[in-house]
Amino acid sequence: MPVSTKFTLEQARALEEKLKEELIRRAIEQKVITSREEAVIRDIIPDVDLGATRNVWEQTLATADAYNDVYSVTLPDKKVIGFYGFKTKASTPVVTAVKFALGTGGAKVKDIWQVETAHTELNAEARAIVPIIYNKSETVTISMYNSGSAGATDNVILLGFVVEPKGELVTQ
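In case it helps, my numbering puts the sequence shown at residues 1 to 172.
None of these hints come from the bench; they were simulated from the model.
Computed from a prediction, not measured in an experiment: that's the story for all the values here.
Quick reminder that beta carbons are idealized off the backbone N, C-alpha and C, glycines included.
Worth double-checking, as some hints may not be accurate.
As the list claims (entries may be wrong) - Here are the simulated DSSO-like cross-link-like pairs (lysine-lysine), alpha carbons at most 27 Å apart as the crow flies:
| id | residue 1 | residue 2 |
| --- | --- | --- |
| 1 | Lys99 | Lys89 |
| 2 | Lys78 | Lys136 |
| 3 | Lys87 | Lys20 |
| 4 | Lys18 | Lys136 |
| 5 | Lys166 | Lys136 |
| 6 | Lys31 | Lys78 |
| 7 | Lys136 | Lys99 |
To be verified - Label-pair restraints from in silico Cβ distances:
| id | residue 1 | residue 2 | range |
| --- | --- | --- | --- |
| 8 | Asp111 | Val48 | 20 to 26 Å |
| 9 | Ala66 | Ser35 | 43 to 49 Å |
| 10 | Glu168 | Gln114 | 33 to 39 Å |
| 11 | Ser35 | Thr60 | 38 to 44 Å |
| 12 | Ser137 | Thr171 | 19 to 25 Å |
| 13 | Glu29 | Asp111 | 19 to 25 Å |
| 14 | Asp77 | Lys20 | 16 to 22 Å |
| 15 | Ala64 | Pro165 | 40 to 46 Å |
Sequences and hints are given; from them, build the entire structure.
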C-alpha cells in the first residue's frame with residue numbers, strides 16, 4: 001500500500017487511533033491480553049522490539065543498490081506490533097524503500113513502502129494509508145533499499161505501536 005506525506009494532523013491522529021484499536025482487538029483475539037484494561041500501548045523501541053543492537057534508529061546498509069535486512073525478530077506470544085509510517089533524521093538519506101516481510105528470510109512480503117518521495121518534504125515523514133500489522137509469534141523481517149554506497153548508514157525511524165500486557169515491559 002502506498003505511503004503519503006499529505007495527511008492533515010487530524011487525519012494522522014485518526015489513523016493512529018484506528019491502528020491502536022485494531023492492535024488491541026487482535027491482542028484480545030489472540031489471547032495476548034484478556035481485556036483492554038490489561039493492555040499497554042507504547043511506541044516501538046528498536047532494540048526491545050526489533051532486535052537492534054542499540055536503542056537508536058540507525059541502520060548500516062552493507063550492500064549498495066539492494067535491499068538489506070536491518071531487522072529480523074520473532075515476536076513473543078505476548079506482543080502484537082503495527083507500523084503506520086516513518087521519519088528520517090539523516091541529512092542525506094540513502095534509504096529509498098522499506099520492505100516488510102513475514103517469516104525467516106522474508107518469505108512473504110507484506111508490503112513495500114517507496115519512501116523516496118518523502119525526502120522532498122521538509123519534515124521527511126510519511127504515513128501508510130493501510131498500516132502493517134504482525135501478530136504474536138510471527139517473524140518480522142524489515143529490509144531497506146540502499147541507494148547509496150556499500151556500508152552507508154541512515155536513520156529511518158519506523159512509526160508504530162506495540163500492544164502487550166501490563167508489566168511485560170512497562171506498567172501503565
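inquiry  = Check the hint pairing Lys78 with Lys136 against an upper bound of 27 Å on the C-alpha distance.
reply    = Status holds; Cα separation ~6 Å.
query = Given the hinted pair Lys87 and Lys20, is their alpha-carbon gap at most 27 Å?
reply = The hint holds at about 19 Å.
request  = Given the range 20 to 26 Å, decide if the beta-carbon distance of Asp111 to Val48 lies inside it.
outcome  = holds, 23 Å
request  = May I ask you to test the hint 19 to 25 Å on the CB atoms belonging to Ser137 and Thr171?
outcome  = holds, 24 Å
query = Falls inside 43 to 49 Å, the C-beta gap from Ala66 to Ser35?
reply = holds, 45 Å
Glu29 versus Asp111 beta-carbon gap, inside 19 to 25 Å or not = Given about 22 Å between the Cβ atoms, the range holds.
ask   = Taking only the CA atoms, is the gap from Lys166 to Lys136 under or equal to 27 Å?
value = holds, 16 Å
query = Is the hinted range of 33 to 39 Å satisfied by the C-beta distance from Glu168 to Gln114?
reply = holds, 34 Å
ask   = Regarding Asp77 and Lys20, is the given constraint of 16 to 22 Å on their beta-carbon distance met?
value = Since the Cβ atoms of Asp77 and Lys20 sit about 20 Å apart, the hinted range of 16 to 22 Å holds.
query = Regarding the pair Lys136 and Lys99, is the alpha-carbon distance no greater than 27 Å?
reply = Status holds; Cα separation ~20 Å.
key: Range hint compliance [Cβ, Ala64 to Pro165, 40 to 46 Å]   = holds, 42 Å
task = Would you check the hint for Lys31 and Lys78, treating anything up to 27 Å between C-alpha atoms as holding?
result = Judged against 27 Å, a Cα distance of about 8 Å means the pair holds.
Checked against the numbered hints given earlier, the structure satisfies every one of them.
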